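Once you've looked at the hints, dock chain B against the given chain A.
Residue numbers (the working numbering), protein chains in the order written: chain A, 52 to 475; chain B, 52 to 475.
For the record, the hints were derived by calculation from the structure and aren't laboratory data. One or more of the hints may lead you astray.
[Unchecked claim] Away from chain A, derived, C-beta distances all over 10 Å, residues of chain B:
#1 Met52
#2 Asp97
#3 Val107
#4 Gly140
#5 Glu222
#6 Pro407
#7 Val451
[Stated by the list, open to error] If you only want the chain B side, here are some residues facing chain A, beta carbon under 8 Å, derived:
#8 Pro91
#9 Met102
#10 Cys103
#11 Gly150
#12 Tyr165
From a predicted model like this one, the values you see are computed outputs, not experimental measurements. From the three backbone atoms N, C-alpha and C, an ideal C-beta is built for every residue, glycine too.
There are 2 protein chains.
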Amino acid sequence: MKKYSDMTLAERQTEYAAVKAAFEAKKTLGLQLNMARGKPGTDQLDMVTEMCNILVTHDDFVSDGIDSRNYGNVDGLPAAKKLFAELLGCKPAQVFVGGNASLQLMFTMIAMAYSHGLLHSEKPWKELEKVKWLCPAPGYDRHFKVSQYFGMELLTVPMTADGPDMDLVEELVKDPAVKGIWNVPKYSNPEGVVYSDETIRRMAALKPAAPDFMLMWDNAYCIHEFDCEFVPFADILALCEENGNADMVYEFASTSKVTFPGAGVGVMAASEANLAYVKPLINIQTIGFDKINQLRHVKYLQDKEHTLALMKRHAAILSPKFHAVLSALDAEIAPLGIADWKRPVGGYFVSLDAMPGTAKRTLALCKEAGVTMTGAGATFPYGIDPNDSNIRIAPTMPPVAELEQAIAVLCLCLRMSALEKLGI
Amino acid sequence: MKKYSDMTLAERQTEYAAVKAAFEAKKTLGLQLNMARGKPGTDQLDMVTEMCNILVTHDDFVSDGIDSRNYGNVDGLPAAKKLFAELLGCKPAQVFVGGNASLQLMFTMIAMAYSHGLLHSEKPWKELEKVKWLCPAPGYDRHFKVSQYFGMELLTVPMTADGPDMDLVEELVKDPAVKGIWNVPKYSNPEGVVYSDETIRRMAALKPAAPDFMLMWDNAYCIHEFDCEFVPFADILALCEENGNADMVYEFASTSKVTFPGAGVGVMAASEANLAYVKPLINIQTIGFDKINQLRHVKYLQDKEHTLALMKRHAAILSPKFHAVLSALDAEIAPLGIADWKRPVGGYFVSLDAMPGTAKRTLALCKEAGVTMTGAGATFPYGIDPNDSNIRIAPTMPPVAELEQAIAVLCLCLRMSALEKLGI
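Okay, chain A solo, but in the shape it has when bound:
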């Protein structure tokens, strides 16, 4: 195969005709394939479903003398705090165990800053003329949308192989209107970047002008290696504390991709001072989260060792799916020189950069052939990719056979849109 950029017009036309014919053939199959969202596959869910029946007798429902079935304990069961503290490497007293969605805890914290202010806020953010927020991109669309919901101005920070561009971050936080930054520090969404030690150190040592700057640390994939051994990761809470920033950081995690996406447990880790401020305010909206489900998780996951063993079993299911994507791209696209992609070893996505100006067209073609992908631009603030290039591939949900079909379609669409861009 020849690089498309090296082809003559005539060669491109011949190639386009062939690719288009293959594409039209795919269309006749009436495919309905989905690589849009980072959903675990059914086999992963079946694997953990036994946990639903782990609590049976009266005594099973009691933990540290607390009846998990009744009201109370807004910050979660002590046993659940202990489990998540071990997984995150922080202290149990720094853990707030919530409901089934860590996103809801993130939203709750920003909503609190908005209506009431945080521990070190001078005033509630709703009273500020302008609130700006740093969005490393490509990043997670749902993060950006929470910031948008509260009317913030989103500032894009480019991602590098080591994490967000820290020179830029350090510069931007000198503006007191900059109130926070989103991070997925391990296996970032979508690129699978693991922040380097240097990036983490600089994050913890930030000196923001805003006294209530929020270092949002969404450690969504903290134990989600699929192609390597567990990679130990810094305790951001301790690092921030060492740098005099104990109350700057809010870490989040969940079992959405450990147990159940719809019925896992979400947690927040923050300084004890922050939690003391936060608890009575969260208590206004709820008497407590689902402690039975917390206890199911405690009994099923047990500790870090057992949890990592479970993650190995997830990895055994996930790894072939990622390899199927990467193999197809290596075989079908690499020789043509029309796209680059990351080779993640953890997380839930493969991030692909198509030829600039072709992402939207590629995904429109995919849709035409029955393959649903994350919308073009979704990984950028306001849903606008300035290069119209980034495509997020979510290969975890479909079985391998379906995935191979879907990725074959994607490859054809990448080729068509590249040829159209180059001229045919």
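Leaving out everything else, chain B in the frame of chain A:
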């Protein structure tokens, strides 16, 4: 026994000495009894615990083709909507099924009005100089606290035997700053009042000046009869619609006192137009609520008939507890003429009005003797009972034997504080 008000000073002094001696004797028992919160008892929880293991096989977790274990369906499983629509008497399309706490849905709706405004809002409430809210009192402290959280001015509306004073409500809603009213229309918290048909009709027909007035209809005890057959109740959504107020009403309910207080299912019912507005905004904070738990409830409760049968079994446990409270009050307090109380046939509380100016003192004495009660004033806006009279008794949690001890202590404390008030 003689009425305290008919006693001479000397008689009161003799009586006080006797009551105080009995009180001091109770103190030596080192009691630790709690009648503070409307918590179901352990026997009630044990009764329903089998539901935790009702989903076992792969297929059990699939409902209408939806895998309850995975992401999605922010407004809940269709089967759960159907169940709650049947219980509330509304349409499935009017139901939003949430997480474990209906309070969180109420909070979410008011937070939404605050930051974004509702369907018919002219602007977000945070931009308004003043927001006022009607609080029928005595009422539910957690309702009042949500309003306070968002900086509202709380206006007290006296409760009558038929519900809130509707003449006053109709007058107050002429003020465009009045944006809503809290209601627990069936077995109100704490008085157990069932709103009369006339009250409900007038509520549904309100003509508030505010276009985004919220009729908050917390039907927390919609099927919670403990001393009579199920009492059919009007569908407030249909009534509001008939009165041209389709989008004014937000109804809430939960299974917190049907299945598990910590792990039930909370729902909101509202017009389809309201839900269409609300869904994408709630979707910003969560991808979806716990659908596995929704499905457990669907399979366990099945339908209205089965659910009402379960409520009969709850009633069999609860009824003796309420009778223990009422019998003690009838025997010990009624002849003395120092308090009045309601005789509820549903709900979770007995509301007692002590001699004005003695509620705080009574509860302080209870605490001294090891009996924890809901704080005096809690049932009024800002936690201030203007008469220092209302006491909320929550008899559901303690076993009957403990409850009898606790209520005996309460009776002694009521007598002491009344005698102190009358002069000794």
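Original post:
Of the numbered hints stated previously, which ones are contradicted by the structure, given in increasing order?
Top reply: 2, 3 and 9
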